[in-house]
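If you read the sequences in order, they're chains Z and X. Counted the way the numbering used here counts, the first sequence spans residues 1 to 328. Counted the way the numbering used here counts, the second sequence spans residues 1 to 350.
It should be emphasised that the hints constitute simulated quantities derived from the structure, not laboratory data. Treat the hints with care, since some could be wrong.
Here are the computed distance ranges between Cβ atoms for each label pair [unchecked claim]: (1) X/Asn140 / Z/Ile173: 56 to 64 Å; (2) Z/Tyr218 / X/Asn140: 23 to 31 Å; (3) Z/Cys273 / X/Ser164: 50 to 58 Å; (4) X/Ser136 / Z/Cys273: 13 to 21 Å; (5) Z/Arg88 / X/Ala303: 34 to 42 Å; (6) Z/Arg168 / X/Asn140: 31 to 39 Å; (7) X/Pro153 / Z/Pro276: 52 to 60 Å; (8) X/Val314 / Z/His96: 32 to 40 Å; (9) Z/Tyr218 / X/Leu292: 33 to 41 Å; (10) X/Ser136 / Z/Ala160: 39 to 47 Å; (11) X/Lys146 / Z/Cys273: 23 to 31 Å; (12) Z/His96 / X/Leu292: 33 to 41 Å; (13) X/Ile18 / Z/Arg88: 47 to 55 Å; (14) X/Thr96 / Z/Met188: 54 to 62 Å.
Ideal placement from N, C-alpha and C gives every residue a C-beta, glycine not left out.
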Amino acid sequence: MDILLQQIINGLTTGSVYAVVALGYTMVYGVIQLINFAHGEVVMIGAMVAFSVITALAGSSLPPLVIVLAGVIAAIPACMIMGYLLERVAYRPLRHAPRLAPLITAIGMSIILQHLALLAWGRNPLAFPQIIDNRVFGIGGAAISSVQIAIILLSLAMMAGLSWFVYRTRFGIAIRATAENVHIAGLMGVNANRVIAATFVIGAGLGAVAGVMYGSYYGIAHYTMGFSLGLKAFSAAVLGGIGNIAGAMLGGILLGLVEALGTGYVGELTDLCSWPITNGWLTGQCADGGNFVLFGSNYQDVFAFLMLILVLVFRPSGLLGERVSERA
Amino acid sequence: MKTNRERFGLALIAIALIALPFVLAAAGTAWVRITNFAVLFVLLSLGLNIVVGFAGLLDLGYVAFFAVGAYVYALLASPHFGLHLPFWVILPIGATVACLAGVILGAPTLRLRGDYLAIVTLGFGEIVRIFMNNLSSPVNLTNGPKGINRIDPFQIGPLDFSASDTLGTLVFSGPIKYYYFLLLVLLAVIVINRRLQDSRIGRAWVAIREDEIAAKASGINTRNIKLLAFAMGASFGGIAGGMFAAIQGFVSPESFILNESIMVLAMVVLGGMGNIWGVIAGAVLLSFVPELLRYTVEPAQMALFGKLLVDPEVLRMLVFGLALVLTMRFRPAGLWPETRHRREMDADRA
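The shape of chain Z in the complex, shown without the other chains:
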């Protein structure tokens, strides 16, 4: 029971990070119907910038919270600039080109960003300096750390903030109008270029915070972290229904839970010794408390992908999305 609860807590933590990154994918997709391939790398750059600042300040006498805050505050504008550049270089000039073109420039940009990060920060992962007193609380036999609580609360706050921005402000209306129909929105006086650039910038800003959260949860940041994080967040966005903000949040949290529970239980479930199979050879393998595990927890990264495929097969529009036709 407590293992289940523990996995749920861990899943909620990573899931809320996925949700915040997924928001970046879903907003851009909602407005221009294209996947921002380099979003994962922007998140990675956010984590790297923040870690550098935090490491530089770690020796000072500032309180730890201020140091972490300084890291986040440095990362947000860095990522926003990155998001803006990305839109200007890889997407805007190709907005009327065949769909393949921006996809290719975006993947090119993500390779460039990844290797520039490698040049700037090196091959070795950056470690998160031990400055926060990570207290652990027990609830119902499971443990939750203060970092986990902070990640979950901060993610919820950002999701709430974004919802308020999109549904309650003038600019949010412009974003939704552009998502509905770029041309008509333009006729109504919406500056489509500004709206599109804004979705990239807002997504990148959210991604910066997500990168810091992800990095501090695992204690390291690495130039390759954007790849799998981006892939998972994208899966989350598709699961929730791409283009749908509430969907991204739901998808992220569900994916985090599936991943945590899957990783936690897959070893036990695929242990053939616990299956009612009678086979002489297998019995020999299982003798003396041995086990025969088909898939262990090292398959963690597979779950998001399986989820993505299953959603695409059975419900391509996602949980909350509208039907996606081949050409929207």
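Following the hints, complete the assembly by docking chain X onto the known chain Z.
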């Protein structure tokens, strides 16, 4: 009809290609090996060109099919399982398995928009690597990150591709024999590609690439035709993978990372999507980039700074990334574009 001039040109190219390994061997066998890998990359690019160039589907995990082919070869012709099947049996098996993988992956995603395919293939490439890394327990299938060693070389009767033979005064070293074999395969692949391009299927691919709705309205079963492109590209990748395993004698998951897929994609895009000769030129050009960097950037940095500041490997990836971005921005149909493709890529930008 070909003119005499064209025939003469083709004959010259053929003679140059046949003489090439002996010229290279004079400079060192390493150059023959480098050339062999370049030809292998040409094969891979031609395979990916069917998917990206002809049918316009972005496949970012192409290296996965290459990996499948390589592992099929490694498992069926190495001491790992004690199996030693001849290569002409394994290569078709590898192609079939890679093709099946392509169909399984493509079937759920190809009815959706192209971007989904791109990201699903991206993930698939990674998943294949995870499986290769972890399928060493409970049954040791892939030998995990250590990879599979001592893979059999090609063998045709008494002709062993790993040993040297002499014919008169000419020394046929192992890499030279592989070179000629690769050249034959390349020739076959080029012929198949040309025939495909001009066939009903090839025209259907281009139609889908240019306007999927119009293609559908013209009676093309778009899903099946796309699936066919995907499966065909995958089979070519599987064959190239099998030859890679034999030439290298060793496979490990390390050889099949995302960067390899990006490299092949850069070759196709830079040369000119959809144009066979452009793709070949792009692949040859980019295959020699790492060698070029190794021989220029490393010594230059050592001379200037006394130490290696920028790893040539990193520069290589930056070059590929830039090639993708710059080609799409400034010459979207590639350096040597196919006429129809150029019209299509430029018309939309006007």
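Here is how each hint holds up against the structure:
no.	hint	result
1	X/Asn140 / Z/Ile173: 56 to 64 Å	holds (60 Å)
2	Z/Tyr218 / X/Asn140: 23 to 31 Å	holds (30 Å)
3	Z/Cys273 / X/Ser164: 50 to 58 Å	holds (52 Å)
4	X/Ser136 / Z/Cys273: 13 to 21 Å	holds (19 Å)
5	Z/Arg88 / X/Ala303: 34 to 42 Å	holds (37 Å)
6	Z/Arg168 / X/Asn140: 31 to 39 Å	violated (58 Å)
7	X/Pro153 / Z/Pro276: 52 to 60 Å	violated (47 Å)
8	X/Val314 / Z/His96: 32 to 40 Å	holds (34 Å)
9	Z/Tyr218 / X/Leu292: 33 to 41 Å	holds (38 Å)
10	X/Ser136 / Z/Ala160: 39 to 47 Å	holds (46 Å)
11	X/Lys146 / Z/Cys273: 23 to 31 Å	holds (26 Å)
12	Z/His96 / X/Leu292: 33 to 41 Å	holds (36 Å)
13	X/Ile18 / Z/Arg88: 47 to 55 Å	holds (50 Å)
14	X/Thr96 / Z/Met188: 54 to 62 Å	holds (56 Å)
Consistency note: the structure conflicts with the earlier hints numbered 6, 7.
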